[in-house]
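J.: Given the sequences, and given the hints that come with them, work out the whole structure.
There are 2 protein chains.
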Amino acid sequence: MITVPKKIVDLLQENQTFILIVHQKPDGDAIASAVAMGKGLKALGKNVEYYIDSAFEEKLHIFDEIAFFNQLTQKHYDVMLFLDTSTFEYAFYPKNITATVKLVIDHHKSNTFFGDEHFVEVVAACGELVFAVLQALKVPMDEEIAKAIFTAISTDTGSFQFANVTSNTHEVLAEIYKYPVDFSSLSKRLHTTKTFNQMKLFGIAIKNLNLFCHERISISVISNAELNAYGGAVNVTDDVSNIGMNIDTVIISATFKEVETAVYRVSLRGKSPYPIDVSTIAIKYSGGGHLRAAGFTFYKKPEELLPELEALIEGME
Amino acid sequence: MITVPKKIVDLLQENQTFILIVHQKPDGDAIASAVAMGKGLKALGKNVEYYIDSAFEEKLHIFDEIAFFNQLTQKHYDVMLFLDTSTFEYAFYPKNITATVKLVIDHHKSNTFFGDEHFVEVVAACGELVFAVLQALKVPMDEEIAKAIFTAISTDTGSFQFANVTSNTHEVLAEIYKYPVDFSSLSKRLHTTKTFNQMKLFGIAIKNLNLFCHERISISVISNAELNAYGGAVNVTDDVSNIGMNIDTVIISATFKEVETAVYRVSLRGKSPYPIDVSTIAIKYSGGGHLRAAGFTFYKKPEELLPELEALIEGME
Numbered sequence: 000m001i002t003v004p005k006k007i008v009d010l011l012q013e014n015q016t017f018i019l020i021v022h023q024k025p026d027g028d029a030i031a032s033a034v035a036m037g038k039g040l041k042a043l044g045k046n047v048e049y050y051i052d053s054a055f056e057e058k059l060h061i062f063d064e065i066a067f068f069n070q071l072t073q074k075h076y077d078v079m080l081f082l083d084t085s086t087f088e089y090a091f092y093p094k095n096i097t098a099t100v101k102l103v104i105d106h107h108k109s110n111t112f113f114g115d116e117h118f119v120e121v122v123a124a125c126g127e128l129v130f131a132v133l134q135a136l137k138v139p140m141d142e143e144i145a146k147a148i149f150t151a152i153s154t155d156t157g158s159f160q161f162a163n164v165t166s167n168t169h170e171v172l173a174e175i176y177k178y179p180v181d182f183s184s185l186s187k188r189l190h191t192t193k194t195f196n197q198m199k200l201f202g203i204a205i206k207n208l209n210l211f212c213h214e215r216i217s218i219s220v221i222s223n224a225e226l227n228a229y230g231g232a233v234n235v236t237d238d239v240s241n242i243g244m245n246i247d248t249v250i251i252s253a254t255f256k257e258v259e260t261a262v263y264r265v266s267l268r269g270k271s272p273y274p275i276d277v278s279t280i281a282i283k284y285s286g287g288g289h290l291r292a293a294g295f296t297f298y299k300k301p302e303e304l305l306p307e308l309e310a311l312i313e314g315m316e
Numbered sequence: 000m001i002t003v004p005k006k007i008v009d010l011l012q013e014n015q016t017f018i019l020i021v022h023q024k025p026d027g028d029a030i031a032s033a034v035a036m037g038k039g040l041k042a043l044g045k046n047v048e049y050y051i052d053s054a055f056e057e058k059l060h061i062f063d064e065i066a067f068f069n070q071l072t073q074k075h076y077d078v079m080l081f082l083d084t085s086t087f088e089y090a091f092y093p094k095n096i097t098a099t100v101k102l103v104i105d106h107h108k109s110n111t112f113f114g115d116e117h118f119v120e121v122v123a124a125c126g127e128l129v130f131a132v133l134q135a136l137k138v139p140m141d142e143e144i145a146k147a148i149f150t151a152i153s154t155d156t157g158s159f160q161f162a163n164v165t166s167n168t169h170e171v172l173a174e175i176y177k178y179p180v181d182f183s184s185l186s187k188r189l190h191t192t193k194t195f196n197q198m199k200l201f202g203i204a205i206k207n208l209n210l211f212c213h214e215r216i217s218i219s220v221i222s223n224a225e226l227n228a229y230g231g232a233v234n235v236t237d238d239v240s241n242i243g244m245n246i247d248t249v250i251i252s253a254t255f256k257e258v259e260t261a262v263y264r265v266s267l268r269g270k271s272p273y274p275i276d277v278s279t280i281a282i283k284y285s286g287g288g289h290l291r292a293a294g295f296t297f298y299k300k301p302e303e304l305l306p307e308l309e310a311l312i313e314g315m316e
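Sequence lines, in order, name chains L and B. Residues in the first sequence are numbered consecutively from 0, following numbering that gives the first Met the number 0. Residues in the second sequence are numbered consecutively from 0, following numbering that gives the first Met the number 0.
It cannot be assumed that every hint is accurate.
Because identical chains cannot be distinguished in the list, a pair is counted as satisfied if it fits within a single copy or across any two copies.
Pairs of lysine to aspartate or glutamate, EDC-like flavour, derived with a Cα cap of 20 Å [said to hold, decoys possible]: (1) 24 <-> 237; (2) 199 <-> 225; (3) 41 <-> 142; (4) 94 <-> 115; (5) 193 <-> 56; (6) 199 <-> 247; (7) 58 <-> 143; (8) 270 <-> 181; (9) 94 <-> 303; (10) 199 <-> 214; (11) 41 <-> 257; (12) 270 <-> 238; (13) 74 <-> 259; (14) 58 <-> 247; (15) 24 <-> 64; (16) 187 <-> 237; (17) 299 <-> 309; (18) 187 <-> 247; (19) 187 <-> 238; (20) 193 <-> 238; (21) 177 <-> 313; (22) 41 <-> 143; (23) 137 <-> 316; (24) 299 <-> 143; (25) 193 <-> 214; (26) 193 <-> 237; (27) 187 <-> 214; (28) 177 <-> 120.
Hints were generated in silico from the structure; no laboratory data involved.
T.: See the structure below:
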């Protein structure tokens with residue numbers, strides 16, 4: 000189990016008022032880490048408020064604690080606690096609010112140590128660190144905290160399938176499973192359940208998928224008409240961007256969403272462990288991303304990107 | 000951690016020749032439990048042979064130990080060890096081979112205790128029991144055993160998402176993750192990777208899916224022509240049978256594969272926790288199954304099944 004520095008435990012124990020902050024476009028790990036940490040601190044008698052004034056996925060609306068988000072009553076807090084947030088620029092924080100100490104609890108390798116105090120360990124999810132902190136603080140767990148820790152870890156590991164999973168991740172789950180939560184239904188909600196429109200757009204992305212370059216490149220295009228037939232791009236789920244990666248022969252995949260007529264939102268993916276950096280193409284078109292996942296907006300016909308994808312494949316040979 | 004009865008540990012320690020047997024149509028849990036148990040017993044100096052003379056999924060062909068399957072050199076063994084096998088009828092066992100003791104290690108609630116000695120506990124996977132046995136025998140683990148235990152548990156739990164997962168399941172994984180295996184790539188192979196043809200048939204099942212009865216029933220039909228366009232029914236992956244279950248409003252789903260002209264292989268699914276027994280329909284058509292999952296062959300048009308599905312929905316109101 001991960002050891003929490005005494006300084007961090009003391010800081011949480013010795014202070015009384017907390018404002019919790021997460022990153023922009025909060026995901027499952029961010030929302031659920033905030034819920035678990037907030038409820039845990041409240042269980043110790045602390046005053047906890049949340050500044051999480053961003054929309055987030057419907058599937059995450061499963062915590063009673065969300066009712067307390069964005070009800071700030073103070074201008075100054077003892078501790079401004081940043082969760083799952085790697086840089087200050089990426090934080091979603093309130094203006095005109097001050098705090099005595101800025102504390103950062105995060106699991107990103109890229110963390111810039113932008114606070115006053117830090118508990119940063121590269122683990123699968125911020126929720127894994129929050130669990131360690133709650134244990135160190137001897138917080139009595141409840142079902143909502145167990146549900147939140149599960150949600151944080153399950154979403155950030157693709158249901159325990161990503162390379163970030165370690166022995167410690169499963170140790171945390173072994174503890175969490177001691178609470179009477181229907182984790183199976185929760186898993187389905189987080190990972191497999193779709194609306195009819197989401198399912199249909201997923202099917203269209205498969206129908207329109209074609210292979211190129213000796214089956215090593217996949218391209219799928221969802222037209223504007225197809226998007227509109229099923230409620231628009233908002234119904235294209237994250238897994239659509241990965242469809243090509245799930246085909247055994249494919250090394251690079253590109254998914255095009257025609258969000259407006261002749262305007263394409265493109266997701267590029269590269270398969271590990273091939274020596275490919277798809278972000279080079281994304282950056283050329285003013286987008287961004289990482290080695291294996293990048294995105295940008297494209298104003299030409301999808302097939303015009305193919306030579307650039309082929310060049311990446313050829314470059315690795 | 001699960002306790003293995005001393006009698007079982009003694010039986011394995013005190014005997015020398017073993018023949019390992021699994022159930023018909025062996026799945027990931029069966030194959031991988033056999034590999035882990037076989038390699039573990041060999042590490043203790045035992046003579047182990049395998050009678051697993053059935054075809055199994057390509058994705059499971061990842062163990063060196065498979066090379067030793069079906070090379071029987073004896074007519075009599077000390078122990079005939081049945082793994083993951085709930086009934087003698089369901090076992091795939093060799094004729095004209097005898098054993099001094101029939102030992103059953105299984106995790107099915109429906110186990111009929113058909114052997115001489117039994118280690119039966121209702122846990123997520125037989126692999127979970129095999130791990131407990133190997134620990135009790137103090138077998139030195141290796142990477143292939145770790146990979147096998149992972150495969151057994153990961154496949155039988157739908158990547159840790161089914162209701163059979165417990166704290167103990169994750170405890171086992173916490174141990175298994177201490178070995179240097181690329182579990183993430185293994186997960187992808189077991190759960191998400193498809194061939195192009197498998198992906199296309201998955202997409203067709205979504206394209207042809209329609210909702211009925213206030214969006215509570217889904218029916219998807221894959222025609223014989225569509226099957227043939229992508230290599231036949233062998234390329235329809237298991238997840239196709241569950242597509243309807245993944246839609247938020249659906250309670251009963253039916254997937255029809257037209258395996259020959261006008262002959263449909265039907266998979267029925269019912270969503271938990273609704274009080275529905277889809278096996279009643281399957282049994283009527285000489286098929287079989289459980290409350291939530293059943294199958295049969297249908298010789299009429301798919302739409303002719305709809306009234307019976309609607310009657311199930313109405314019956315629960």
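J.: With reference to the structure, classify each hint as holding or not holding.
T.: Status of the hints after comparison with the structure:
When the C-alpha separation of residue 24 and residue 237 is checked against a cutoff of 20 Å, the pair qualifies only within one copy, where the shortest distance is 14 Å, while the shortest distance between copies is 34 Å. For the identical chains of this complex, residue 199 and residue 225 are neighbours both inside a copy (10 Å) and across copies (18 Å), given an alpha-carbon limit of 20 Å. For a Cα distance limit of 20 Å, the shortest separation of residue 41 from residue 142 inside one copy, 15 Å, qualifies, whereas the shortest one across copies, 44 Å, does not. When the C-alpha separation of residue 94 and residue 115 is checked against a cutoff of 20 Å, the pair qualifies only within one copy, where the shortest distance is 18 Å, while the shortest distance between copies is 73 Å.
For the homomeric pair residue 193 and residue 56, the shortest alpha-carbon distance inside one copy (12 Å) is at most 20 Å, but the shortest distance between copies (28 Å) is not. Within a single copy, residue 199 and residue 247 get their C-alpha atoms only as close as 23 Å, which misses the 20 Å cut-off; across copies the closest is 13 Å, which meets it. Taking the shortest alpha-carbon separations for residue 58 and residue 143, only the intra-copy value of 15 Å comes in at or below 20 Å, while the best inter-copy value is 37 Å. Taking CA atoms no more than 20 Å apart as the test, residue 270 paired with residue 181 passes between copies only; the shortest distance there is 15 Å, against 34 Å inside one copy.
In this homomeric assembly, residue 94 and residue 303 never come within 20 Å of each other (Cα to Cα): the closest approach is 44 Å inside a single copy and 63 Å across copies. When the C-alpha separation of residue 199 and residue 214 is checked against a cutoff of 20 Å, the pair qualifies only between copies, where the shortest distance is 14 Å, while the shortest distance within a copy is 25 Å. With identical chains, the CA atoms of residue 41 and residue 257 are never at most 20 Å apart, being 46 Å at best within one copy and 58 Å at best between copies. With identical chains, the CA atoms of residue 270 and residue 238 are at most 20 Å apart within one copy only, with a shortest distance of 15 Å there and 23 Å across copies.
Within a single copy, residue 74 and residue 259 get their C-alpha atoms no closer than 42 Å, and across copies no closer than 72 Å, so neither meets the 20 Å cut-off. Proximity of residue 58 to residue 247 under the C-alpha cut-off of 20 Å is restricted to the inter-copy arrangement: shortest distance 11 Å between copies versus 30 Å within a copy. When the C-alpha separation of residue 24 and residue 64 is checked against a cutoff of 20 Å, the pair qualifies only within one copy, where the shortest distance is 19 Å, while the shortest distance between copies is 47 Å. Taking identical chains as interchangeable, the C-alpha atoms of residue 187 and residue 237 lie at most 20 Å apart whether they share a chain (15 Å) or sit on different chains (17 Å).
Only within a single protomer do residue 299 and residue 309 lie at most 20 Å apart by alpha-carbon distance; the minimum there is 17 Å, versus 48 Å between protomers. With identical chains, the CA atoms of residue 187 and residue 247 are at most 20 Å apart between copies only, with a shortest distance of 10 Å across copies and 25 Å within one. In this assembly of identical chains, the alpha carbons of residue 187 and residue 238 lie at most 20 Å apart whether taken from the same copy (14 Å) or from different copies (14 Å). With identical chains, the CA atoms of residue 193 and residue 238 are at most 20 Å apart both within one copy (11 Å) and between copies (14 Å).
With identical chains, the CA atoms of residue 177 and residue 313 are never at most 20 Å apart, being 51 Å at best within one copy and 37 Å at best between copies. Taking identical chains as interchangeable, the C-alpha atoms of residue 41 and residue 143 lie at most 20 Å apart only when both belong to the same chain, with a minimum of 13 Å there against 46 Å between chains. With identical chains, the CA atoms of residue 137 and residue 316 are never at most 20 Å apart, being 54 Å at best within one copy and 46 Å at best between copies. Taking the closest pair of Cα atoms, residue 299 and residue 143 never come within 20 Å of each other, the shortest separation being 48 Å inside a single copy and 49 Å across copies.
Taking identical chains as interchangeable, the C-alpha atoms of residue 193 and residue 214 lie at most 20 Å apart only when they sit on different chains, with a minimum of 13 Å there against 29 Å within one chain. Taking the shortest Cα distances, residue 193 and residue 237 sit within 20 Å of each other both inside one copy (11 Å) and across copies (18 Å). For the identical chains of this complex, residue 187 and residue 214 are inter-copy neighbours only, at 19 Å across copies versus 32 Å inside a copy, given an alpha-carbon limit of 20 Å. For a Cα distance limit of 20 Å, the shortest separation of residue 177 from residue 120 across copies, 18 Å, qualifies, whereas the shortest one inside one copy, 25 Å, does not.
Consistency with the previously given hints fails for numbers 9, 11, 13, 21, 23, 24, ordered from lowest to highest.
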